[in-house]
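Asker: Protein chains in written order, with the working numbering: chain A, 1 to 433; chain B, 1 to 303.
It is worth saying that the hints were derived from the structure and are not from the lab.
Idealized CB from N, CA, C, for every residue including glycine.
There may be inaccurate statements among the hints.
To be verified - Computed from the model, here is a short list of chain A residues facing chain B with C-beta under 7 Å:
(1) Arg226
(2) Ala233
(3) Glu328
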Amino acid sequence: MNKKMTAVIRREYITRAKTKGFIIGTLLFPLIVGLILGGVFIFMVLFKPSTKTYALVDQSGVIGQTFQNMLDDTLSNGEPKHRMILTEMRIPLDSLLANLQNQVRDKKLDGYLVIPPDILETREVIYSARNVSDFEEQGDFSGVLSYIVGNLRLENQGLPADRIRQEMSRSRVRLISRQITDKGEIEKNAASSFILAYILTYMMLLLMMGYGQTLMRSVVEEKTQRITETIIASIRPRDLLLGKMIGISALGLTQLFVVGVIMMLLVQFIQPVLVNLGLQSPGLMAVIKQIHFTVPLFGFMIVFFLLGYFFFSGLFAGIGAMVNTEDEGQQYQMPIIFLILIGYFMMFAIARHPETPMAFWTSLIPVFTPMVMFARIAVSDPVLPSGTWISLGVMVLANFLLIRIITKVYRVGILMYGKKPSFREALKWIRYK
Amino acid sequence: MNVLEVQSVTKRFSALLAVDRLSFSIQEGRVFGLLGPNGAGKTTTIRMIMHIIIPDEGKVSVLEKTDPVETTNLIGYLPEERGLYRKMKVGDILFFLCSLKGLSRSDARPRIDSWLERLDLLDWKNKKLEELSKGMQQKLLFIGTVIHDPKLLILDEPFMGLDPVNTQIIKDILLEQKKRGTSIIFSTHLMDNAEKLCDDILLINHGRDVLSGKLSEVKNRFGRKNIIMEFDGDDAFLQKIPGIIRVNHYGRASEIVMDKSADPQQILKAAAKNVAVRKFEIKEPSLNDIFIETMKSRKDKTA
């Protein structure tokens, strides 16, 4: 790094860091992240689903009553989770179902279940509802129904009923998730690791996209205001570009640091604060306890942010050098933004299954690496997922190659005005001496 | 020692031959006019001197150095299309330009203040560039070009956007720089300015040297001198004098077009005998005339 590049870095950083926009943004950024985080907490803790009402049509006549009794789960406010209305079959099934469907449409019922006469043989129950997306509820229903059907089948084979009930009630299993790490096991559930990965990756996305575009606008400004003409005699284009990239990356790093430190302090000290304010709730405390925002994780976040930022901002700078106005730049940047967003959306699926071959290979594709690989690290933390170091190496290499190409495009593009070049012409620039 | 030495440089852009085996050199303390019509290759030549683009063939050296790292700080460049960061403060801009030229903080500060004072901009030091008038911005850009005491100044249309008062201030500074031994490349379309400032000229077209040398020699070589004479009487006597190509009559005045063999003193003596002379002026061909004539004859040749 030479003195001239340092001058560019300083200018890019200081002129922006001194603006009101940046200062306010830096202070607001943790607030926004905090609000998202807080919002998720509040949602998880305070969200109270209301009691759902179902009609139960029991054609077998042997299950309905037990089913109704066994669904004794309650909501956090003490209300029952489900209310089953046992419907007698006084009219033909077809008209009964038509009637129930109307009630569902009129929102008097949330849905209905139909138990066939030969349930013990078919083992199929129809569950019809306005909304069938509640996996947890369906799991509950299916579990309870299986239990009852199992009981009845055993009873039919001659085992005494009370004995079956006794054995079965001792057979219900609850899963407690723990993660195996080098330092032993920690209690951690899927939800909190996923939420953390989601929030951190989202921060990375905002910073990479935001500062990539800042760089592009800055390149376009220098070009349209003919600043490049003025200063290019004093500094090599490569040094100018790298100086700009580094200077602007430092803005992102500043914000990342502020947010990171605030988040760490928050996780560390929020429990006593909440207790003092009388706001503690067991659910909330459990969630906070399970947020593991560690220093190594923060380190990986910075590394992947920088690698991702340099990669994408290289592309943004290349576009900035090719176009003549900011508007043109806006159009041309769309493919890059799509790439970033694809990586972000893939991250959702991959964070749930961080050790699949798909997850492994996707994290080796440079446009996806920053977010996908980082999200895998975040959900697996403190264990490193497979391919962490390989993906880091690939990303460093990709950056190295991309910046070599982009400097050549940049060098020619910043002094070209008028018609914007086709992609093919821009490729030719790479070969210019 | 030549401050700048350009040896047979050539630059091609795909099919276009922008500069074709161009050679010239500039001595210390001389003003060198780089002239030519639009698209002649002036900017490409300048960019090669600045190492912004690399010649396909040939060599450029500044004070016998060819490494761009060593030469860029010796040069001050004012491009024709020029601008600076609109949102930055005047003082910060100059400090940035100084650091790009390798000046340290302690070296830059006093220079910035003294130049701002000299060009009457000191009150604007903490104002943003966008608050300055066009003329003030041009002056600021000029400061940025000379603030590091370059050995070679390359100025592309330096008087653009300046009023007569500021034009004079800049001209004075250029003459002062010249006295200090700074060489100046002066690229312009305005032949009037070039004629007054340049010691040497190079006229290029299609990237080639069309006309070059000391300005006085170029004018001599161009050969023709005209006489403007205002008089009362009959100028028929002129027909007997050798060396006169033709006479353009304008009523009470005549323009006498001569070749090299004609002697203006002889014409004056003859005129005094034959008519009442009110004005007698030997007119050198202007650079503008030479420019236009040269371009025209070139065109005729290629046509």
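Asker: Mind listing which of the numbered hints don't hold for this structure, in increasing order?
Answerer: 3
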